[in-house]
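J.: The lines below spell out each chain.
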Amino acid sequence: MSQQSLTLPATGPGSGAGSAKARRIRRVLELAGAAAIAGTYVFLVLTQPADIANGPASFSALVALGGFFLGAVLLIAAALPVLPTSTLVLMPVALVLNVVLGQLMGSTGLPFYFDAIGTVLIAVLAGPAAGAATGALSSIVWSFFNPTVLPFAAGAALIGFLAGLAARSGLFRRFYLAPVAGFVTGILAGVVSAPIAAFVFGGTAGLGTGALVSAFRAMGDTLLAAITKQALVSDPMDKAIVFAIAAMLVYALPRRTTVQFPFVRRFRVLAGTAPETPEA
Amino acid sequence: MPSTLPPLTSLTAAGCTAVITTAAGTWPLSLAVGLAAAVLAVRAGVGRRVLAAAAAVLLPLGLSLLMLHGLFFPEGRTVLAVWGPARVTAEGLTFALESGTRTGACVMVLLLFSFTVSAPDLVAALAGRGLPPQFGFVLASALTLLPAMAGRLDNIRAAQEARGLVLRGGMLSRLVGVRLQMVPLVLGLIEDSGSRAQALEARGFGGPGPRTSYREVADPPAGRRFRTALLLFAAAAVALRLAASWPVAGPS
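As they're listed, the protein sequences go chains A and B. 52 is the number of the first residue of the first sequence in my numbering; add one for each residue after it. 186 is the number of the first residue of the second sequence in my numbering; add one for each residue after it.
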């Protein structure tokens with residue numbers, strides 16, 4: 052819709068009077084996407100089957116899949132057409148980093164999943180909208196090799212969005228603040244993703260997380276409560292480490308590379324990066 | 186290896202099969218769908234790859250489900266065995282079987298699709314249906330970048346080992362090793378993407394207006410009718426399931 056020309060910096064508001072309507076449409080799409088995700092979550096929690104002994108809840112699975120998928124699609128539709136080419140070409144890179152760095156960190160034997168390093172990195176360099184679109188698109192592309200990540204697209208979009216917000220508000224300027232932002236992101240993302248694990252898959256994919264869920268189940272929790280508690284144990288820690296790794300990577304990149312990104316310049320995302328041209 | 190079906194038809198078929206299996210939610214159907222997908226994959230010549238990818242996903246999930254619901258299922262009433270706090274119940278085992286086979290069927294069907302579809306055809310077909318061209322670019326670019334990455338990481342490791350990196354020892358030295366491989370990889374990829382962005386911009390990638398595709402994807406009308414029928418069938422299955430088990434009392 053509102054395409055920028057070759058030379059304009061990308062995400063700046065007020066890049067033309069003609070784009071005001073397009074911006075409004077985009078805002079509505081974003082809000083509708085967020086509302087779809089939040090509404091689905093609330094609906095699932097309120098209507099969770101009291102008795103799951105009759106078999107897995109196909110009803111809840113369908114609602115979870117449909118609602119979260121709709122939310123992810125709306126978020127992609129809102130963000131994708133306005134992203135500048137320099138951000139767009141980073142998205143495949145983010146996906147590749149999600150997969151490859153996840154495997155690399157897995158080789159250290161730490162009991163976490165680390166599947167969002169690329170998403171957080173892009174969010175820090177290019178902003179919340181790019182982060183959300185990257186998270187959701189990553190899940191879609193990754194599902195070509197592992198279809199079980201597809202339902203978690205909404206959670207991945209949330210992680211990218213929150214990472215971008217953290218970067219915009221300057222939490223990546225201090226190295227010790229990045230893991231704190233990651234911790235908070237992990238809480239929210241874990242809670243939102245728990246119904247997917249509970250209702251679509253009936254459990255978690257890893258043996259370690261499965262043991263944790265078993266422990267909560269042994270204390271008599273419902274499946275959703277047990278998986279939410281497990282997510283609250285694992286996800287904040289995982290995301291704190293992921294944010295720290297992303298911060299480490301961003302600061303290891305040469306300044307020449309990072310200041311190429313308008314988002315980094317405009318919001319002074321990184322410590323010591325003075326904007327070249329002072330902006331309002 | 187390439188599928189004989191047009192990409193949109195196989196995408197619709199895979200998606201609808203997954204949705205219908207989920208809506209039905211009975212393990213004999215799920216098992217049949219999973220086996221059928223396996224047979225089709227073997228006949229298409231991708232059986233080994235599909236089964237390997239499916240096993241990598243499904244084995245940990247299956248074991249985790251079996252441990253979780255097999256041993257701890259507070260809702261279970263038919264107790265088969267008790268070991269300390271763990272209770273093996275028939276309901277728990279059924280639940281593990283049901284969710285395991287349901288996920289298994291969906292995974293097999295979607296993997297069969299993704300391993301038989303030709304990515305360029307799929308991207309061209311999706312762009313032809315009005316999806317933003319950016320989506321097609323991200324999809325195709327990621328799918329071609331991913332296999333190339335293993336070789337690149339090997340090169341980086343070889344180069345760093347030639348400079349004295351030792352990938353053994355305790356956690357700390359391993360983390361240092363990971364950092365020494367990560368930073369060149371990320372730096373190289375981001376540099377590459379910068380030059381790719383300039384090349385794409387120079388060819389009018391970001392410009393508005395319609396695109397012409399050089400790739401013609403055949404889409405016979407029979408396939409279109411088949412898709413419509415499948416979508417209607419899937420919608421009916423979802424509607425039936427939602428109507429059958431709509432929560433009556435609201436919040437419980």
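Be aware that a few hints might be false.
Taking lysine to any residue pairs in the SDA-like style, the calculated list, with each CA pair at most 25 angstroms apart, reads [claimed, not checked]: (1) A:280 to B:269; (2) A:72 to B:318; (3) A:280 to A:72; (4) A:280 to A:303; (5) A:72 to B:391; (6) A:280 to B:282; (7) A:280 to B:272; (8) A:280 to B:260; (9) A:72 to B:394; (10) A:72 to B:271; (11) A:280 to B:247; (12) A:72 to A:317; (13) A:280 to B:392; (14) A:280 to B:252; (15) A:280 to A:292; (16) A:280 to B:259; (17) A:72 to B:396; (18) A:280 to B:276; (19) A:72 to B:390; (20) A:280 to A:269; (21) A:72 to B:247; (22) A:280 to A:267; (23) A:280 to B:318; (24) A:280 to A:295; (25) A:280 to B:411; (26) A:72 to B:317; (27) A:280 to B:270; (28) A:72 to A:121; (29) A:280 to B:394; (30) A:72 to B:392; (31) A:280 to B:271; (32) A:280 to B:251; (33) A:280 to B:244; (34) A:72 to A:239; (35) A:72 to B:252; (36) A:72 to B:395; (37) A:280 to A:239; (38) A:280 to A:317; (39) A:280 to B:248.
Calculated directly from the structure, the hints in this document are not laboratory data. Quantities reported herein were computed from a predicted structural model and do not represent experimental measurements.
J.: Work down the list of hints and note, for each, if the structure agrees.
T.: Each hint tested on the structure:
Our distance criterion of 25 angstroms between C-alpha atoms is met by residue 280 of chain A and residue 269 of chain B, whose separation comes to about 23 angstroms. The suggested pairing of residue 72 of chain A with residue 318 of chain B holds, with an alpha-carbon distance near 21 angstroms, which does not exceed 25 angstroms. Among the hinted pairs, residue 280 of chain A with residue 72 of chain A is inconsistent with the structure: their alpha-carbon atoms are about 43 angstroms apart, more than 25 angstroms. Between residue 280 of chain A and residue 303 of chain A, the direct Cα distance comes to roughly 35 angstroms. Violation of the 25 angstroms bound is thereby established for this hinted pair.
The straight-line distance between the Cα atoms of residue 72 of chain A and residue 391 of chain B is roughly 20 angstroms, inside the 25 angstroms bound, and the hint therefore holds. About 24 angstroms separates the Cα atoms of residue 280 of chain A and residue 282 of chain B, which keeps this hinted pair within 25 angstroms; it holds. In summary, the hint linking residue 280 of chain A to residue 272 of chain B is supported, as the alpha carbons are separated by about 21 angstroms, within the 25 angstroms threshold. For the hint linking residue 280 of chain A to residue 260 of chain B, the alpha-carbon distance of about 18 angstroms falls within 25 angstroms, and the restraint holds.
A threshold of 25 angstroms between alpha carbons decides the hint, and for residue 72 of chain A with residue 394 of chain B the separation of about 18 angstroms falls inside it, so the pair holds. About 60 angstroms separates the Cα atoms of residue 72 of chain A and residue 271 of chain B, which puts this hinted pair outside 25 angstroms; it is violated. Taken as a hint, the residue 280 of chain A and residue 247 of chain B pair is honoured in the structure, with Cα atoms around 21 angstroms apart against an allowance of 25 angstroms. Taken as a hint, the residue 72 of chain A and residue 317 of chain A pair is honoured in the structure, with Cα atoms around 24 angstroms apart against an allowance of 25 angstroms.
Between residue 280 of chain A and residue 392 of chain B the alpha-carbon distance is near 47 angstroms, which puts this suggested pair outside the 25 angstroms criterion. For a cut-off of 25 angstroms, the pair hint linking residue 280 of chain A to residue 252 of chain B stands: about 18 angstroms separates their Cα positions. Simply put, residue 280 of chain A and residue 292 of chain A have alpha-carbon atoms about 19 angstroms apart, close enough for the 25 angstroms limit, and the pair holds. Between the alpha carbons of residue 280 of chain A and residue 259 of chain B the distance comes to roughly 17 angstroms, so the proposed pair stays at or under 25 angstroms and holds.
Proposed proximity of residue 72 of chain A and residue 396 of chain B is supported: the alpha carbons are some 24 angstroms apart, at most 25 angstroms. At most 25 angstroms may separate the alpha-carbon atoms for a hinted pair to count; residue 280 of chain A and residue 276 of chain B meet this at roughly 23 angstroms. Pair hint residue 72 of chain A plus residue 390 of chain B holds up; C-alpha atoms about 23 angstroms apart against a cutoff of 25 angstroms. Among the hinted pairs, residue 280 of chain A with residue 269 of chain A is consistent with the structure: their alpha-carbon atoms are about 13 angstroms apart, no more than 25 angstroms.
Only pairs whose Cα atoms come within 25 angstroms are accepted, and residue 72 of chain A paired with residue 247 of chain B is rejected, the gap being roughly 49 angstroms. Taking the CA atoms of residue 280 of chain A and residue 267 of chain A, the gap is near 8 angstroms; set against the 25 angstroms cutoff, the hint holds. Proximity of residue 280 of chain A to residue 318 of chain B is assessed by CA-CA distance (about 41 angstroms); at most 25 angstroms being required, the pair is judged violated. A threshold of 25 angstroms between alpha carbons decides the hint, and for residue 280 of chain A with residue 295 of chain A the separation of about 23 angstroms falls inside it, so the pair holds.
Distance hint between residue 280 of chain A and residue 411 of chain B is unfulfilled; the C-alpha atoms sit about 44 angstroms from each other, more than 25 angstroms. Our distance criterion of 25 angstroms between C-alpha atoms is met by residue 72 of chain A and residue 317 of chain B, whose separation comes to about 19 angstroms. For the given pair, residue 280 of chain A sits about 19 angstroms from residue 270 of chain B by alpha-carbon distance, which is consistent with the 25 angstroms threshold. For the hint pairing residue 72 of chain A with residue 121 of chain A, the CA-to-CA distance comes to about 23 angstroms; that is within 25 angstroms, so the pair holds.
For the given pair, residue 280 of chain A sits about 49 angstroms from residue 394 of chain B by alpha-carbon distance, which is inconsistent with the 25 angstroms threshold. With a CA separation close to 19 angstroms, the supplied pair residue 72 of chain A and residue 392 of chain B stays within the 25 angstroms bound. A distance of roughly 20 angstroms separates the Cα atoms of residue 280 of chain A and residue 271 of chain B; the hinted pair therefore holds under the 25 angstroms criterion. At roughly 20 angstroms between alpha-carbon atoms, residue 280 of chain A and residue 251 of chain B fall within 25 angstroms of each other, so this suggested pair holds.
Of the supplied pair hints, the one linking residue 280 of chain A and residue 244 of chain B holds, its CA atoms being roughly 24 angstroms apart against a limit of 25 angstroms. Taking the CA atoms of residue 72 of chain A and residue 239 of chain A, the gap is near 32 angstroms; set against the 25 angstroms cutoff, the hint is violated. For the proposed pair residue 72 of chain A and residue 252 of chain B, the alpha carbon gap of about 54 angstroms is over 25 angstroms, so the pair is violated. At most 25 angstroms may separate the alpha-carbon atoms for a hinted pair to count; residue 72 of chain A and residue 395 of chain B meet this at roughly 21 angstroms.
For the proposed pair residue 280 of chain A and residue 239 of chain A, the alpha carbon gap of about 12 angstroms is at most 25 angstroms, so the pair holds. Between residue 280 of chain A and residue 317 of chain A, the direct Cα distance comes to roughly 38 angstroms. Violation of the 25 angstroms bound is thereby established for this hinted pair. The hinted pair formed by residue 280 of chain A and residue 248 of chain B meets the criterion: a straight-line CA distance of about 20 angstroms does not exceed 25 angstroms.
Taken one by one, the earlier hints fail for this structure at numbers 3, 4, 10, 13, 21, 23, 25, 29, 34, 35 and 38, listed in ascending order.
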